[in-house]
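Assemble chain B onto chain A, guided by the hints.
Note that the protein sequences, when read in sequence, are chains A and B. Taking the UniProt record's numbering, the leading residue of the first sequence gets 1, the next gets one more, and so forth. Taking the UniProt record's numbering, the leading residue of the second sequence gets 1, the next gets one more, and so forth.
Everything labelled a hint here was simulated from the structure, so no lab data went into it. Check before you lean on any hint, since a few could be wrong.
Stated by the list, open to error - Computed, partial: chain A to chain B, Cβ under 8 Å:
1. Q67
2. T192
3. Y218
4. Q327
As the list claims (entries may be wrong) - Chain A is nowhere near these chain B residues, computed Cβ spacing over 12 Å in every case:
5. E29
6. P87
7. R143
8. Y394
Stated by the list, open to error - Label pairs and their in silico Cβ distance ranges:
9. B:R21 x A:T395: 35 to 45 Å
10. B:D69 x A:P25: 40 to 50 Å
11. A:A24 x B:A41: 37 to 47 Å
12. B:T357 x A:G178: 49 to 59 Å
13. A:V364 x B:A41: 18 to 28 Å
14. A:A41 x B:I179: 24 to 34 Å
15. A:P25 x B:A115: 55 to 65 Å
16. A:F312 x B:A115: 25 to 35 Å
Cβ coordinates follow ideal geometry from the N, Cα and C atoms, glycine included.
There are 2 protein chains.
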Amino acid sequence: MSAHIVLTSHPRRDATVPEVRWGAPTPEERGPLVASLTNPAARNVIGSHSGAYAVYRALAVASGALQRDHRPDLTNTAPAEAIGPHPQWADPDKIVSLDPWGHLVSTAFADRIAAGLDVRPTIAITKAHINMPELQAAVTAGRLQPDGAILSPNGDVRVTKAAIDPVWYLPGLAKRFGIKESTLRRNLFEQTAGMFPELVTRNDLKVFLPPIGGMTLYFFGDVAKLGRPETKVACRLHDECNGSDVFGSDICTCRPYLAHGIEVCIEMAQQGGVGLVVYNRKEGRALGEVTKFLVYNARKRQTGGDRAETYFERTECVAGVQDMRFQELTPDVFHWLGITRIDRWASMSNMKHGALTAAGIEVVERVPIPDELIPADARVEMDAKKAAGYFSHYTPDANELAVPKGRGLQE
Amino acid sequence: MSAHIVLTSHPRRDATVPEVRWGAPTPEERGPLVASLTNPAARNVIGSHSGAYAVYRALAVASGALQRDHRPDLTNTAPAEAIGPHPQWADPDKIVSLDPWGHLVSTAFADRIAAGLDVRPTIAITKAHINMPELQAAVTAGRLQPDGAILSPNGDVRVTKAAIDPVWYLPGLAKRFGIKESTLRRNLFEQTAGMFPELVTRNDLKVFLPPIGGMTLYFFGDVAKLGRPETKVACRLHDECNGSDVFGSDICTCRPYLAHGIEVCIEMAQQGGVGLVVYNRKEGRALGEVTKFLVYNARKRQTGGDRAETYFERTECVAGVQDMRFQELTPDVFHWLGITRIDRWASMSNMKHGALTAAGIEVVERVPIPDELIPADARVEMDAKKAAGYFSHYTPDANELAVPKGRGLQE
Numbered sequence: 001m002s003a004h005i006v007l008t009s010h011p012r013r014d015a016t017v018p019e020v021r022w023g024a025p026t027p028e029e030r031g032p033l034v035a036s037l038t039n040p041a042a043r044n045v046i047g048s049h050s051g052a053y054a055v056y057r058a059l060a061v062a063s064g065a066l067q068r069d070h071r072p073d074l075t076n077t078a079p080a081e082a083i084g085p086h087p088q089w090a091d092p093d094k095i096v097s098l099d100p101w102g103h104l105v106s107t108a109f110a111d112r113i114a115a116g117l118d119v120r121p122t123i124a125i126t127k128a129h130i131n132m133p134e135l136q137a138a139v140t141a142g143r144l145q146p147d148g149a150i151l152s153p154n155g156d157v158r159v160t161k162a163a164i165d166p167v168w169y170l171p172g173l174a175k176r177f178g179i180k181e182s183t184l185r186r187n188l189f190e191q192t193a194g195m196f197p198e199l200v201t202r203n204d205l206k207v208f209l210p211p212i213g214g215m216t217l218y219f220f221g222d223v224a225k226l227g228r229p230e231t232k233v234a235c236r237l238h239d240e241c242n243g244s245d246v247f248g249s250d251i252c253t254c255r256p257y258l259a260h261g262i263e264v265c266i267e268m269a270q271q272g273g274v275g276l277v278v279y280n281r282k283e284g285r286a287l288g289e290v291t292k293f294l295v296y297n298a299r300k301r302q303t304g305g306d307r308a309e310t311y312f313e314r315t316e317c318v319a320g321v322q323d324m325r326f327q328e329l330t331p332d333v334f335h336w337l338g339i340t341r342i343d344r345w346a347s348m349s350n351m352k353h354g355a356l357t358a359a360g361i362e363v364v365e366r367v368p369i370p371d372e373l374i375p376a377d378a379r380v381e382m383d384a385k386k387a388a389g390y391f392s393h394y395t396p397d398a399n400e401l402a403v404p405k406g407r408g409l410q411e
Numbered sequence: 001m002s003a004h005i006v007l008t009s010h011p012r013r014d015a016t017v018p019e020v021r022w023g024a025p026t027p028e029e030r031g032p033l034v035a036s037l038t039n040p041a042a043r044n045v046i047g048s049h050s051g052a053y054a055v056y057r058a059l060a061v062a063s064g065a066l067q068r069d070h071r072p073d074l075t076n077t078a079p080a081e082a083i084g085p086h087p088q089w090a091d092p093d094k095i096v097s098l099d100p101w102g103h104l105v106s107t108a109f110a111d112r113i114a115a116g117l118d119v120r121p122t123i124a125i126t127k128a129h130i131n132m133p134e135l136q137a138a139v140t141a142g143r144l145q146p147d148g149a150i151l152s153p154n155g156d157v158r159v160t161k162a163a164i165d166p167v168w169y170l171p172g173l174a175k176r177f178g179i180k181e182s183t184l185r186r187n188l189f190e191q192t193a194g195m196f197p198e199l200v201t202r203n204d205l206k207v208f209l210p211p212i213g214g215m216t217l218y219f220f221g222d223v224a225k226l227g228r229p230e231t232k233v234a235c236r237l238h239d240e241c242n243g244s245d246v247f248g249s250d251i252c253t254c255r256p257y258l259a260h261g262i263e264v265c266i267e268m269a270q271q272g273g274v275g276l277v278v279y280n281r282k283e284g285r286a287l288g289e290v291t292k293f294l295v296y297n298a299r300k301r302q303t304g305g306d307r308a309e310t311y312f313e314r315t316e317c318v319a320g321v322q323d324m325r326f327q328e329l330t331p332d333v334f335h336w337l338g339i340t341r342i343d344r345w346a347s348m349s350n351m352k353h354g355a356l357t358a359a360g361i362e363v364v365e366r367v368p369i370p371d372e373l374i375p376a377d378a379r380v381e382m383d384a385k386k387a388a389g390y391f392s393h394y395t396p397d398a399n400e401l402a403v404p405k406g407r408g409l410q411e
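Bound conformation, chain A alone:
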């Protein structure tokens, strides 16, 4: 490798690098996104592929395990199901946090790749069978009926799934939040302690691959039906909670609501519609797990113990905000899928619901988590959220909010 370290904050743009015309109706007009690490002059984005896993790639190259100029062989990797294009892809304001052409690069830009341009997928679509013990239990209890196609008698479920890395179009993102692009860029630079100086020095680069976790989609039923007005859609939009999703921690309703949402999705697929689970990597309301555990301690140790009326306060003391998930970006994935109406919406969050309806996506029926699925210690969370505006058929008042008490740390 060259002995010369190239700082990236100065433009060295190659005139042959394709322009990015975000929201253009065809991949050719939109142009490929180039995040080459070996040819800085060819780049037209800030950041690199694979998000934060770029740090592990660095270890791989530093330790000699990986060639620094490795280029992926994309043979046989193309999507296992077709998605799009949908009319929403041609509106630069509708999708600002993912690349609608991200799964299609190996075909849409085949000529450019063959000519040596380093264009990589930001979305991958495959197929799988999943099996959760809760679904087996739903079959045993008679809530779900195996059909041999979508759901097998042993609880196996056929799914299509997609992994999506975030791709941010900075002007569109700023517009979505109603702020200036320069304010967005400056805060991205300052609040990360100076990650990517190009954010403030390279205003000509409009696309940013942020090193944050992306999302995974699980589809139930025929993906090809998405985007047709007559297709009924069920959906659970789920933000990661590792402690509940994997380990079944009983302080929240995350995994129970996810499993219930999947039941709703399977039913919809069996009725000829499509079920969709969107799983976002936004641990602890995008505050991260260290902050989350600090808040748990503060909730359980405060005078009077853990209770719904002070649920949000404790988070705000530690983190400065109650929530950092920014549901403003939530509509993008639905626009990508061509979805304009969700018939059954397995979520009670007023923030998620508000973000969709503000984007013109109709939500027909909201499906709350059944009471019997709420774990013992999660009543504090549930009541606090209902009082704060979560959808339910009943909203507790101040006196009722004072009733549920969470466990102490030693219980």
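Just chain B, lined up with the frame of chain A:
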């Protein structure tokens, strides 16, 4: 906020900023880590707290939801169980990827924080009850016996849990990999497309808070017993696999092995020892989920279909390496906990095992996943790994490797 943008690549070190003496035996001698965003001159690390979630913090400040100078109120957030100090903390080579004092900052540096220094925890320790359907099934099947203290008849399990953000001491990390610090720094800079120019311009800053996911620890039994030679320890070291861990995808053994490992941990706690699950945020062998799904497609579409003999090749074609998890850093968390011997090790990975024994941590008994827990489509993975050196009581030969066939994409 000031109109002047401060680029971070030039040293502006305040003489009053504490030196970092990595591996010093007391927190006072080691010194606090300062990642202040509002006082660049006071910083003694590269990067910022909360890892990649700093990007969401930037959205929070940019949109006006969070004050840019918010400081956490750490009241009541201190660890729910004491961990350390252990003698290993005073060896600068034993722990290079986390801050051993990271959970203790609110007490160890109370005076400095009161005096205005922005010192934040990188580790949080709380308590919880977890419940996984697999554990209920183990109780029903008689494999686990409820004791009313660790394990309740309904399957509830008492745990202590810790969230750990990565903290990298760059000279120690380079030494661990047997490379020059300058090589490590340069590749961290180049392979991330220029994230943090300080990596190459500020050699005086030796500590890096990388924007990657950290780890979560689940403890079963009395945490205070760790670090005593007579304490028996069971452990499952688990690298994240969202598709299996949460959704039960049947192409791998991740969740079944995790649930089995937790069973082993509960048994050990019931016998007076300590069980430990280490959950690492290293999705898809730290290649990320987009790459993982691309590889699934390539495996299932290759001529001859998905089979064990070509299992690793497909990953290498797409990613350039078979694995980026770098188990070289694995011993750190065990050193942090004072663990020198693991009596029951619920993992078959030769890489994880080799990393521990190379670091002088004894592994007494290796516990493979019981055959009946291997899902239908995961035989390809399991045989490929056994042939490549995974621990088992039987290693398949080339002829046997050709036998198991994974499902095609349309099956």
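(Q) Taking the earlier hints as the rules, which of them does this structure contradict? (A) 4, 9 and 13
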